[in-house]
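Q: Chain V: place on chain L using the hints.
First to last, the sequence lines map onto chains L and V. Take the first sequence: its position 50, counting from 1, is numbered 50 in this note's numbering, and each next residue is one higher. Take the second sequence: its position 544, counting from 1, is numbered 544 in this note's numbering, and each next residue is one higher.
Think of the hints as simulated: they come from the structure by calculation, not from any bench. Remember, predicted model here, so these are calculated numbers, not experimental data. Think of the CB as a built atom: it goes at the ideal place given N, C-alpha and C, for glycine as much as any other residue. There may be inaccurate statements among the hints.
Said to hold, decoys possible - Derived DEER-like restraints, expressed as beta-carbon distance ranges:
id	chain 1	residue 1	chain 2	residue 2	range
1	L	V30	V	R79	37 to 45 Å
2	V	A33	L	A58	46 to 54 Å
3	V	W164	L	N152	21 to 29 Å
4	V	D95	L	A58	33 to 41 Å
5	V	D104	L	V30	37 to 45 Å
6	L	S54	V	R141	24 to 32 Å
7	L	A58	V	T32	50 to 58 Å
Claimed, not checked - With a straight-line Cα cutoff of 30 Å, these simulated DSS-like cross-link-like pairs (lysine-lysine) come out:
id	chain 1	residue 1	chain 2	residue 2
8	V	K73	L	K150
9	V	K634	V	K570
10	V	K570	V	K510
11	V	K510	L	K164
12	L	K164	L	K150
13	V	K634	V	K510
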Amino acid sequence: MGVPAARLGRVSCLAALLVAASVAGKPSTVADEHRVKAELVERFCRFIDWPERSLGGAERPFVIGILGTDEVGPVLEEVVRTRRIQGRPVEVRWLATPAGVQDCHVVWIARCSPDGLTAVLARTRGRPILTVADTPGFARAGVLINLVRKGNRVGFEINAAAAKASGLVFSSNLLRLSTIVDAEGGL
Amino acid sequence: MIRLRAISIRWIISGVILITALVLLGIGFWVTARHAVESFRRDLIETLVQVASAVGDYSVADLAFGTHEESAKNLARLRESAHIEAVALYDATGDLFSDFVRSDAQRRGVRDRLVGDIREEVVVEPGFVEVYRPLVRQGERFGTIYLRASTAELDRRIAAYLLWLAGVGAGLVLLSVVFALVFQRVVSTPILRLSRAAQVVSSTEDWSTRLTERGAREVVHLTRSFNNVLRVVEQRQAERDEAERSQRRYAERLRVLREIDRAILEPESLPVIARRALEGLATLVPSVVSAVADCTDDHRGSSLLAALPPWADGPGIGVVEAVRDGEALASAFASGRPVEMGIAGDTTGLPSSVRAVAAAGARMTVSFPLRAEDLLLGCLTVGVHRREDLSPEDNDTVQEVAALVALAVRQHRMAREIERHTAELERRVSERTSQLEASNRELEAFAYSVAHDLRAPLRSIHTFASALQEDYPDALDDAGKDLLRRVVEASRRMDALIRDLLEYSRVAVKEVELASVDLDRVVEEARGQLASVIADRGAEVAVEAPLGRVVGHHATLLQVVVNLLSNAVKFVAAGTTPRVRVRAEARDGGVRLWIEDNGIGIEPQYHERIFRLFERLHGADAYPGTGVGLAIVKRGMEHMGGRTGLESEAGQGTRFWIELPAAPC
Numbered sequence: 001m002g003v004p005a006a007r008l009g010r011v012s013c014l015a016a017l018l019v020a021a022s023v024a025g026k027p028s029t030v031a032d033e034h035r036v037k038a039e040l041v042e043r044f045c046r047f048i049d050w051p052e053r054s055l056g057g058a059e060r061p062f063v064i065g066i067l068g069t070d071e072v073g074p075v076l077e078e079v080v081r082t083r084r085i086q087g088r089p090v091e092v093r094w095l096a097t098p099a100g101v102q103d104c105h106v107v108w109i110a111r112c113s114p115d116g117l118t119a120v121l122a123r124t125r126g127r128p129i130l131t132v133a134d135t136p137g138f139a140r141a142g143v144l145i146n147l148v149r150k151g152n153r154v155g156f157e158i159n160a161a162a163a164k165a166s167g168l169v170f171s172s173n174l175l176r177l178s179t180i181v182d183a184e185g186g187l
Numbered sequence: 001m002i003r004l005r006a007i008s009i010r011w012i013i014s015g016v017i018l019i020t021a022l023v024l025l026g027i028g029f030w031v032t033a034r035h036a037v038e039s040f041r042r043d044l045i046e047t048l049v050q051v052a053s054a055v056g057d058y059s060v061a062d063l064a065f066g067t068h069e070e071s072a073k074n075l076a077r078l079r080e081s082a083h084i085e086a087v088a089l090y091d092a093t094g095d096l097f098s099d100f101v102r103s104d105a106q107r108r109g110v111r112d113r114l115v116g117d118i119r120e121e122v123v124v125e126p127g128f129v130e131v132y133r134p135l136v137r138q139g140e141r142f143g144t145i146y147l148r149a150s151t152a153e154l155d156r157r158i159a160a161y162l163l164w165l166a167g168v169g170a171g172l173v174l175l176s177v178v179f180a181l182v183f184q185r186v187v188s189t190p191i192l193r194l195s196r197a198a199q200v201v202s203s204t205e206d207w208s209t210r211l212t213e214r215g216a217r218e219v220v221h222l223t224r225s226f227n228n229v230l231r232v233v234e235q236r237q238a239e240r241d242e243a244e245r246s247q248r249r250y251a252e253r254l255r256v257l258r259e260i261d262r263a264i265l266e267p268e269s270l271p272v273i274a275r276r277a278l279e280g281l282a283t284l285v286p287s288v289v290s291a292v293a294d295c296t297d298d299h300r301g302s303s304l305l306a307a308l309p310p311w312a313d314g315p316g317i318g319v320v321e322a323v324r325d326g327e328a329l330a331s332a333f334a335s336g337r338p339v340e341m342g343i344a345g346d347t348t349g350l351p352s353s354v355r356a357v358a359a360a361g362a363r364m365t366v367s368f369p370l371r372a373e374d375l376l377l378g379c380l381t382v383g384v385h386r387r388e389d390l391s392p393e394d395n396d397t398v399q400e401v402a403a404l405v406a407l408a409v410r411q412h413r414m415a416r417e418i419e420r421h422t423a424e425l426e427r428r429v430s431e432r433t434s435q436l437e438a439s440n441r442e443l444e445a446f447a448y449s450v451a452h453d454l455r456a457p458l459r460s461i462h463t464f465a466s467a468l469q470e471d472y473p474d475a476l477d478d479a480g481k482d483l484l485r486r487v488v489e490a491s492r493r494m495d496a497l498i499r500d501l502l503e504y505s506r507v508a509v510k511e512v513e514l515a516s517v518d519l520d521r522v523v524e525e526a527r528g529q530l531a532s533v534i535a536d537r538g539a540e541v542a543v544e545a546p547l548g549r550v551v552g553h554h555a556t557l558l559q560v561v562v563n564l565l566s567n568a569v570k571f572v573a574a575g576t577t578p579r580v581r582v583r584a585e586a587r588d589g590g591v592r593l594w595i596e597d598n599g600i601g602i603e604p605q606y607h608e609r610i611f612r613l614f615e616r617l618h619g620a621d622a623y624p625g626t627g628v629g630l631a632i633v634k635r636g637m638e639h640m641g642g643r644t645g646l647e648s649e650a651g652q653g654t655r656f657w658i659e660l661p662a663a664p665c
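Only chain L is shown next, with the shape it has when bound in the complex (with noise of 0.2 Å):
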């Protein structure tokens, strides 16, 4: 796994960008999946506004954490190590627990326990927390963003009410794009 993600972070960043732009959506392959998956994390982060109030000051970073391993967490490092998001460097943050969620702007929760998101969600219910995962299901749990499956190509699901009350401001474009989960999550 580490391979593939070594050697495409040997890669310039504008082949990266073309890479995934080419690729954005539309996997052909697993890695690719992942890379797509990553992508369309750090694409988020563009048509979501975050209060002022969580940003900070200019020179505050942007603060990424990744909850849980998988295959996708080192791309989006990859991916977002060089880029700035809402003005700002990006800062990401390996977490084992979701003790340290609370601090972040977008969380990537990869593979987790019922238990596990129940403990994340507790901590950024309410909060300019972008929680973000790929679990079928999740977006009716209470993620804010969850990736699917959609055929050939890679859609994503809003929980609408979360995502209301996190405060964070979600671009219309991006709702008309994605599939809205109304119910709350029974958690």
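A: Below, chain V alone, put in the same frame as chain L:
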């Protein structure tokens, strides 16, 4: 080429308004049209940019998340905007992402790939507008939207707008033409009226024309000024005409007066002068009849000199009747004013002259005295319809004519007087002359007879005394002989004197018949007669022949030349050789014969005296003579109708001359 000044003011005003309106409308149309086109174009472009912007924003997510179908659906919504021909989305690498094309024919602007750095750009081409807009979200570029719209609709709208604008402009032009016509009517009509009036006035010179003052304020002022000018011109014209008439009357009066003057100077009879005066007066004064009458010195009688129109009988008119009572006339004129007399009612029984005046239509006569040097000589009467017909100027004219006629009357009376005196004088002169001639003739006859009768006893004395001297030389002693010699000498001298006197008488009295005389012959004969004297004195006589011929009497002329030649030889200082020169010169149709000597000369104060009888300048001892010779010369020359004279100074010689008419050859 139309000459601006030949165009009437009406068309100038209308034209100016029309041109101004057209120019302003043109400018307005151009500015408005340009502004409208710009604005339409700008609106279209703004709208397109906005559409591109909105669609682009909306499509950024599609680009970001690769949702091609969504994007195509999205773009297809622009179908509603009819003027949009094509829309295309390109991703960040420039590849076509999705598009919407209204028809295949319109696909031409949509490229499959954009190359290079595409910036926001608006391309305006004939027929369409293209917009390129980069799509950026949060600093990241996701692609480019391309939008193309047809400008056909825009052009249609612009055309429609311009058409509407042109319609409005044409309407305005029409309105301005109407306005110009109305304006022209309001403003130019009164001015044209003024202009026409000025033309009429200047061509007809009818200065009494006036215009009613109406129209605009300036036009009213102009009209008033025009009227004022006309009034002034009319007044000046009237004054000038009056001055001209007055001048003409004055000149006519002068001319008539001069005619009368001339008539007076010509040797015309008084009635002729008077008639001419009346004829002249009739041309100056509105009289129907006029007459001149003179009266005698004692004012007791009068006579009609002339009347106009002439009538045969009656001594005069009007007041002239009163001349029969001369004292009344004198007293009537004593005031110095003309005497007026009216004629009214029936004239039957009045003098014929009064009837003649009345018949001529006169109802009033005015008589002016003829006066010279305080003498009343008569009167000049004019008959008029009314007294007012005679203006003060006419009065003056009549008075002047009367003065002239008075002068003529006075002059004629004086001329008669002078004629009378002259005739008397001539009578007396001729009487005296005949008396004188008779007595002269008697005297000359007496002198001749005395001289003649005296000569016989004198001859006896001379003869007997000479006989006594010769026959009895010893009977007397020397004293006796001396006495006897004196007796002989005295008797000889007396004889010469008597002879000369007889000669003189003959020259003076004898009738001569004038004929052509040859001066050369006369001088030659004279030299012959004086040959012994010339020889005795040793004189030189030079004659510059030919001397020519004159009209005279041969014997008398010979006597004259002999006397002058002998004087020339005689009166020479002792010891001097007498030199005499005889020459002739033509002079004013006559011949002057000069006899010049080198003698003792004669002082100028004696030049007259020497021609008198018995005048002598020198004693008989020095130059013997009788003192009759030059008297004979003078008498003889006068007798022949010639003249004589001399030029001389004492000691300078003497140049005598005689002159007679030249004889025709």
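Q: State the violated hints by number, sorted upward, taking the hints as numbered earlier in the document.
A: 3, 11
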